[in-house]
Each structure stands twice: as C-alpha cells, then as structure tokens.
Amino acid sequence: MDTEGSNSPAETKKAKSKTPRKPKSAHVLKQKSPAEFFADNKNIAGFDNPGKSLYTTVRELVENSLDSAESISELPVVEITIEDIGKSKFNSMIGLADHERVDEELYDDFESAKAREKRLAKEARHQEIQAKNASVGKKVKGPMATKPTKSREASYYRVTCKDNGRGMPHDDIPNMFGRVLSGTKYGLKQTRGKFGLGAKMALIWSKMSTGLPIEISSSMKSQNYTSFCRLDIDIHRNIPHIHVHEKRENMDIWHGAEIQIVIEGNWTTYRSKILHYMRQMAVITPYAQFLFKFLSDTPEKNVTVRFARRTDIMPPIPVETKYHPSAVDLLLIKRLIAETSKQNLFQFLQHEFVNVGKSYAERLIGEMGPDFSPKMPVKSLTAQQIVRIHQLFRQAKFDDPSGNCLSPAGEYNLRLGIIKELHPDMVATYSGSAQVFEGHPFIVEAGVSVGGKDVKQGLNIFRFANRIPLLFEQGADVVTRTAIKRINWNNYKINQTQDKIGVFVSIVSTKIPFKGTGKEYIGDDISEIASAVKTAIQQCCAQLKSKIVKRIQAREQQERKRSLNKYIPNATGAIYDMLKDMSQSRASKKKRYEDKDVDLLNQVSAHLVTKQTLKEKLTQHVEQVDYEMALEYATQTGVKEEPREDVYIPPLEAGVNWVGLSRPSTAWCSPTSLRVVLGCIDNGFVWPTGLEAGMCDAKIWQA
Amino acid sequence: MADKRKRRRPVDDSDSESDSKLPFKSKLKPDSTILQTLKTLKDSATAAASSSATKPLTLSDLNLSTACREVTDLSLSSVQSSIESLILSFAHSILAGNGFSFSVPSRSSANQLYVPELDRIVLKDKTAVRPFANVSTVRKATITTRILQLIHQLCLKSIHVTKRDLFYTDVKLFQDQTQSDAVLDDVSCILGCTRSSLNVVAAEKGVVVGRLIFSDNGDMIDCTKMGMGGKAIPPNIDRVGDMQSDALFILLVEKDAAYMRLAEDRFYNRFPCIIVTAKGQPDVATRLFMRKMKTELKLPVIALVDSDPYGLKILSVYGCGSKNMSYDSANLTTPDIKWLGIRPSDLDKYKIPEQCRLPMTEQDIKTGKDLLEEDFVKKNPGWVEELSLMVKSKQKAEIQALSSFGFQYLTEVYLPLKLQQKDWL
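If you read the sequences in order, they're chains A and B. With our numbering, letter number 469 in the first sequence gets 469, and the count goes up by one each step, no holes. With our numbering, letter number 56 in the second sequence gets 759, and the count goes up by one each step, no holes.
Incorrect hints may have been included.
[Unchecked claim] With a Cα cut of at most 35 Å, we get these calculated DSBU-like pairs of lysine-lysine:
id: 1; chain 1: A; residue 1: K485; chain 2: B; residue 2: K843
id: 2; chain 1: A; residue 1: K561; chain 2: B; residue 2: K745
id: 3; chain 1: A; residue 1: K493; chain 2: B; residue 2: K860
id: 4; chain 1: B; residue 1: K730; chain 2: A; residue 2: K596
id: 5; chain 1: B; residue 1: K866; chain 2: B; residue 2: K995
id: 6; chain 1: B; residue 1: K745; chain 2: B; residue 2: K730
id: 7; chain 1: A; residue 1: K515; chain 2: B; residue 2: K1069
id: 8; chain 1: B; residue 1: K1016; chain 2: A; residue 2: K566
id: 9; chain 1: B; residue 1: K1095; chain 2: A; residue 2: K515
id: 10; chain 1: A; residue 1: K580; chain 2: B; residue 2: K829
id: 11; chain 1: B; residue 1: K1001; chain 2: B; residue 2: K875
id: 12; chain 1: A; residue 1: K611; chain 2: B; residue 2: K829
id: 13; chain 1: B; residue 1: K1069; chain 2: A; residue 2: K611
id: 14; chain 1: A; residue 1: K358; chain 2: A; residue 2: K511
id: 15; chain 1: A; residue 1: K87; chain 2: A; residue 2: K358
id: 16; chain 1: A; residue 1: K515; chain 2: B; residue 2: K829
id: 17; chain 1: A; residue 1: K493; chain 2: B; residue 2: K745
It is worth saying that the hints were derived from the structure and are not from the lab.
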C-alpha cells in the first residue's frame, strides 16, 4: 500500500473534492505550501465546520478592522453584514443552472418506502395519543412540531465588513489577502491578530466551499482613489490569483477597508455565538461602534444590532517593543542578527533587546568569554558563538520587561462594559501591574459584579485576551478555573451559587499563551498568569466586600428592631410558663425560694406579673437598645451620604467632536458626585448606576 | 466455600489446616497460643486499671495553669433548681427593664485543651455572652430559653425524651434539629451538668454483641444470645448495670459491615470478646457504655477501623472525646485504646491488592496532616508513624478491602494473626 492508499476512504474522498487528484507514484517527495497545509488543517485556525467557519470569519474580519482603526487612533466604526444567499441565488452567482433531481434515490435525504411507512405509523400513533388525551380532557399540547427532515443542503452567506481604519496600500492588497502567513503584525506588539492567517483562512474557506473570490476595496487617508481588488488564492503556490486590481474614484472621502466574501456557513446553530461575540466585543471596546446585520429572504429572521459607542477614550496604541533576552531562542537571535542595522555586538545587544543597558551589555560581553569583544561585527558571529549568547541569555538575570508596551482595556472601559452588559448592583474593577511570563509582559485586569437584571445565578464568566472575547473552551480556561476553584467567595460575603456574580477578566500581553489550536482559551498551567488572575479577582472582591458588609449593616440597622421584636413572645412565653410552674409548685409547698423570688412568684400567682408585663418590659428594653445602637451606627458612619441625583446629559448633536469625558464631566459635577456620571453613556444619556465613587480610581478621569 | 463454613462453625479450633487460598494463613498458630497472648494482655490491662483505679486522676489534681470547666452528673432536682434560679434572675432583670442575657461557656475549638495527663480534651473557661437584645444572638437566646423551659418540664415530670422529641416540640422556632441539639449542649454547659442529667437522650445507634451480660432497666441481657444483630446500646446509661463478662478483650469496630461479619462468624466464641460498633462516629450513649465496660470489667480495648484519617478520628473520639462534647469528656472517654488495624502499614504487609486501595482525596490528605498536629496523635509515636505513612503513600483502604481474599478472611486470618503477633499500637 502506498501512503495515499492508506488513507481512510472518507479522507480520500474529501481530498478528492478539494483538489483534483493526479495519479501519483508511491514514494514521490511532495511539498506543501503553507496555504495547502492550512487548507488541510483548517481546524487549526478555527474553521472546524461551516458554522464555526462563519463565526471565525466574522471574528477575524472584525478584529482586523479594530486593529486597523486603532493603529491610526481613529475611533473604530465597524459594520458587519451577513447575507443569507439561497441556493438558486448562489448557483446563479457561480453561473450554475439549477438542476432538478432526476434520480431521487440517489440523494441522502430520499425517503425509502420503508422509512416512509415507519414515519406514517409514528404520526398515526401520535395522533391517536392526542385524540385520547383530548377525549380525557387533558391539556393538549400543541401539535408536535414536525422536525424538518435533516437536510444536508449547504447554506451560503455573503459576509461584508466595512471599517474606518487605515486601509491598505494599493500594491500590497493582493499579498495581504492571497498569501498565507504574510502579515503586518509579526512584530513584538500587542495585537489582536498575530499570525497573518485570519483573512486568508476565510479566503481559503471560501475557495473550498464556494469557489468565489474575495472582494476588497480600500482607501488610505491621503489617497484620492479607492483600491478595488477581486482575487482568490492559488493554494498550491500560496500566491494571490488576481482577477481585478484597479483604482477607482473615492467618492466620499472615506478611508478604511471593505471586505466581501462568500462562504458556506451555518447561521442557525452559530447565531447566538456570533451575537455573543459581538456583544462582548462591544463590552471590551466601548469606544468602537458596531453595526451588525443579518439579512435573509425571510424578513422575520433578520437581525440588526447596533452597539453604540459609549466613550471616546481609547486605550493608547500598543507600541512595538523589542525582545526581552529571556524570551528569545536561537533562531530568533539569528534572525535579529540578520535584520539588525547595528554594526557591532555591543550595539546589537544594547539596541535590539529591552532591559540591556550600556553597562549591562558590557558585562554580558565580558561574561561570554575571550572570543567575544564589544567591537566585533555582529554579522560575523559563528553558530557556536550564537549558542553561547543564547545560553547566557537563559542564565543571566535581567530586569523584567515593563508593561509600557501593552495597552490594557483600562478599568474605565471594563467598568463601562460590565455596567452595559449586566446592569449590576455593584461592580469593582482592578488593574494589576505588569508581570512577566517567559519574557513577555502581561497585564491582568478584572472586574467583579454582583446582581443585575437578566443575570443568571452563580458565576458568569467573561474572558478577554488582548481585548478579544473568548467564547469557546470555557471549562479549561485559567479564568474559569480560578474563579470556580481558587476564590473563596464566602470570604467576601458572596454566595457562589445564589448571588448573581459577573467575573470579567481581560489579559493583554505581547504573546498570549493560548492553549489548543484556535485562539480559544488560556491554559491553567501557567502559574504566573493563574496567580495574577487570582489576585485581580480577589482585589475586586475585597473592594466589594466592604460595600456588601456596609449594605448588610445598613439592612441590619433597619431590621434590627423587627427581628428582635419577633422573638419577644417566644422568650417571654417560655419564661412566664416556667414562673407559673414554679409558683404552682411553691403553692403545693414542694420547694423553698429566697425572699426576693417569693415576692415575684406571689405576684405571678396574683396575676400582678403576667406574660404581658414581661413582654412590655422586654419590648421597652429592646427599644432602648435599638436606639443606642442606631446612635452608635450614626456616629460610626458619620453624616449620612448625600442623596444621589440622576443626571441627564442632553443628547449631543451629531458630528460634535467630544474631546474626552474628563473635562466636561468635571466641569459639570462636583467631585463628590462624580460617581453619578460613572454610568454608561449611550446615545448621550447617562444612566445613573448608584455606584460608589470609591470603587473607581481617580486615574480613570485623568486618562 | 459453603461446606467449608459448615465444617468450621462447630470446630472452631481446627485452624491448623493450611489453606493456600488465604495468604498468611500458614503463619497462624493454634488458637490456644493466641488465647494465651490475649490473657496476658487482659491481665496487664486489669493490673493497670486496678493500680490507676486506686487514684483516678481528675482535673482538680493537676493544677493546670488555665482554668478548666467540667460538668458533673446532677440529680433531677438540682437541675430543676438551677434552671429555676436562672429563670428567676432573668425575670427580675426583665422587670427591671434590663432584658436578659445568658453567659454560655464557649465550645469553640479555641476553647479546647488537650490534657496529656488525662489523655482527653477538656474545655477551658472562656464564656460568651448571649444577650437577647442583639440581632446576632437573639435567636439563640430565645432557643436557649425555650430549651430550658422544655427541660424544666422534663424535670417536673421526671421523664426521658429524645433529642428528636425535643426538636419537634417547637419546630417553628428551632427550624432544624442541629440548632436545638447545639443549644442543648450549651444548656448542659450553662447548668454544669452532663447531657444525660438533662433527661434528653439520643436515638440508639450503637450495638454490642459477645460475651457480656448486663441489666437494662432491670432485665438481664445476655449479649451472646442476641442473634446476629446484637443488642442496641441503651441511650440512658443510668439504667444499665450489673455488667459481667468472661471476655478477654473488647473489640471496637468502626463499620457495621465488619461488625456483621464478626457477629455472624461468632468470632467472640473463638476468642472470648465483646464486639461493639457505633456505625461510624460514636454517639454519646455508645461512648458512655464503652467507658462503663472499660472501668467495670477492666478489659483491654482494641480497635478495628478503616485505614483513613476518618478512622483515626473515630478512634480519637472514643479515646479523648469530641470537641463538641469536651465539657463532659470525663464521662465519655475510654482511655488506652489499642489501634489494631487496618493500619497503613498493613496494606503492604498483608499485600492488599492495588485495586482495593483508594487514592486519598485532597481533603483526606489535609485531614491527615491536621491530625498529625493533634496532641492525642503526637503522644503515641506509633500512631504518628502510621499516619505519616498514610499521608505519604496517599492511599487509604477500608476494612472491606480484606474481603478481596474472601469474605471471611477478616475473621479467619487477619484478626487472629494480628492478635497472635500483638500487632497493636
């Protein structure tokens, strides 16, 4: 058997449908282009099945758009449209005539005579039962929804994504889409995309499922034309195959990119995932505006969601940074040497790495051995010498890289997102300082909320990595594990199963250590990240705890008298009954008591002291204690908090450029009432949330 | 198997026949030898008991630096009068407009003390106030008052009720039985009497079978003639008396299943003994009964518990008392219990197959490590060694693990061999 033949029949069939198979002899050395590799292993990039492919396509396009807009400090506006294309429409698009089925039995969904008999029998039985139920007078359930016969008919969608980003240089467009593993984001920088794979994978998928090319129009800020390009990819050679590539007039001074692609997908099953993704994306990027549309022939199925911009404070653009010595490997050192513009080893060390200063570079070179000198040309290093450098990098101690190159979402944005998403009673956020994992800095931010409408009881976990939401593989993720297993919620007066808890964790890094093949989750085995996540969540909980305790106290304050009074009848009843028993047994001279007690018992038998007397006296005492406690509480908590007011900000005229929230808001409100403005700004309305100012760091306002 | 059992029953001492199926069987010596060993054990226990019986150590003898609290058995009338004086003082206080407040001895673990000289846990003298006019204590104060009233009635009528009865008299207030039970122990502490003197008993849990004759409420009970199930240990110890026995030792069993095997095989006829189980954690009645047997019959006590931290914990409750009832540890503990098995070292010694051992859970390991810090374990170096082995190997096994060699391996090989080798700690 040759290698090809050893494939299972199914696989062979699949391969056949993808690529025209040429007869090959047994032991030919074959090579695969990267495009071919990813076409064969599309699950690596999240294209497991049509539904997931639709989701991943949307996701990749949206993330590219955000990266693009952010790179030019433009508040992102992203429009994404998914259009359902019927089969006949699709056929006409590819120029294929509709074919009537001639040989019905050839098809998988053909109902054989036997199956038909079976189905009819089942339906008859069902009707019988219903008739019986109806005659007995039972509530008749609606007619059993006849399951649509499972069709293996593929559905096709046109996905369009338009943004206001940087756009692409006219000449680069073909390579940016038609060549797998080519990209602009390879530098060491916090970006959403990383591998130069997303848009190309979508193209490969479209080629595999529909065969239709991708259409790109793009314009850059200073260009007076729009580039239009229609291309597909030559999978075997990993090069773009250009159909049209031309400059067109730029009608409305627009910059950005619009990408249109037709793919096979499955909206029905991935509808909620895609909508969740959009919602969470809006949560973590409140400064972006999203318009999501789903269009189909049946209008009732259409979906249009607009995620309005709620702030115009953008996190700073992440800057490209240099490698940390402890994060490089041999290959990387070689590549850096090949690419560097520096002449000698000393300069190379000093300029191509972070945390290597002048003196430290000298010390390093000294430590490398006699073969090395600061002035030696860096390109002349031998392979052995490079290994030596690598070894030293591994062993030497370097300062941790700073988190300056990172761009976390910011507590403010996180907070806005949580309030928008959950409408919680309380929320606390925390932003950790930069930490390091394998030479890559990372920052963990967390938000914890309690309560809210439409929030389910227990833990609701929202995960973000480099400001993209992670929706799949929740169970194994470091955040989920930490929140469920390592946080003792009881410590913070939070009930893990009863309370409605929202946990938001956002991790940003120059390299997110994703587990598995897709960008789906971060493993639980990295202790640095796990402990940072734990600390962040705990910090939030600690903030919440004081609020919760205060709230419990306040409630206690209100209910003290009531709960004390509730027990008065029980207690006095028991005491009085015993007194009565005693007075009776005294009457029968069974026992002797002291004089004082005798008086009391006499009063009891003479009905001078009754249950009512005890009750009244105890009530008096309770009232007195309550008064004292209330006084004490008041002195402790100080002056009552001033009443909160709902603030209304008039809607803004369209086109008015907001400079930032900080200045206008501080001008409007006294510092103490700032908290009121901490709502989410939606269409210009501020929803007061009744949150405490103390929970929010002042630094947000200076951002 | 069936015919073998038939054969064995009547001829108990025919153990010399070798059975290749049962490992270590060949090592067994004739029963007479083992009996001889047991006699020496009994004699030494009797001697030890009689020497210490002349001078029973009490708390007051020790002059401890910290004051300790202990309760005594009180007569019904004195219980009644102490309740009455407490209630009268409350009535005065309420009428004076000052409300009322209990002063309850704390039974928290911070207030417990292990006294090595006595080999049991005692309660220190910290108390907590339980005022009525405080949100956090109002509920407990009310329940305490109510329980006092119920006990007062018991005193007047001089009857016994169970804890369950007590709970059902005011379900609405008590809400669940753990609350009324806890307050009942508090009341014992407040009044300074044992729980049995409150005339409240727990339902029967423990059972006893074997060479023991005693009177229960005037009826003579012969525990060899109680069938397989044995005699339930009476909940109020004060109606038990006239203990007689020709046993050589008392065998304490953790599990009902192992107890059944021993009872059905009439183990006590082959080696005269008394077999007791409380089916898990022992209740007060079983502990009182154990202590009574130990002090009156002066027999050595050996224990057969699971090889897990929980087994050792049960052993410690028999031995030094539970923290919950430490105020009454003087009456509830049976000192000098020997740990016969199943010990962690037995797992390898008796080649218990791998599939019968269980991995310890994280909770188990934690409990084990905590136990290692406990004084009553530390005082016995052998126990420390065994427990460390358990925590290190992270394996536990139940008594039933021995059934992998046959259901009767426990009675026919394991126990006789252990006794023969005096393999107890």
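Here's how the hints hold up against the structure:
For a cut-off of 35 Å, the pair hint linking K485(A) to K843(B) stands: about 33 Å separates their Cα positions. A threshold of 35 Å between alpha carbons decides the hint, and for K561(A) with K745(B) the separation of about 64 Å lies outside it, so the pair is violated. Under the criterion of a C-alpha separation no larger than 35 Å, the hint pairing K493(A) with K860(B) is inconsistent with the structure, at around 46 Å. Distance check on the hinted pair: K730(B) and K596(A) sit about 78 Å apart at the alpha-carbon level, beyond 35 Å; violated.
A C-alpha spacing of about 22 Å is found between K866(B) and K995(B), which places the hinted pair at or below 35 Å, so the restraint holds. Proposed proximity of K745(B) and K730(B) is supported: the alpha carbons are some 23 Å apart, at most 35 Å. With a CA separation close to 31 Å, the supplied pair K515(A) and K1069(B) stays within the 35 Å bound. Between K1016(B) and K566(A) the alpha-carbon distance is near 41 Å, which puts this suggested pair outside the 35 Å criterion.
For the given pair, K1095(B) sits about 33 Å from K515(A) by alpha-carbon distance, which is consistent with the 35 Å threshold. A threshold of 35 Å between alpha carbons decides the hint, and for K580(A) with K829(B) the separation of about 33 Å falls inside it, so the pair holds. In summary, the hint linking K1001(B) to K875(B) is not supported, as the alpha carbons are separated by about 47 Å, beyond the 35 Å threshold. Distance hint between K611(A) and K829(B) is fulfilled; the C-alpha atoms sit about 34 Å from each other, no more than 35 Å.
The hinted pair formed by K1069(B) and K611(A) fails the criterion: a straight-line CA distance of about 53 Å is larger than 35 Å. For a cut-off of 35 Å, the pair hint linking K358(A) to K511(A) stands: about 27 Å separates their Cα positions. At roughly 67 Å between alpha-carbon atoms, K87(A) and K358(A) are farther apart than 35 Å, so this suggested pair is violated. Simply put, K515(A) and K829(B) have alpha-carbon atoms about 55 Å apart, too far for the 35 Å limit, and the pair is violated.
In summary, the hint linking K493(A) to K745(B) is not supported, as the alpha carbons are separated by about 56 Å, beyond the 35 Å threshold.
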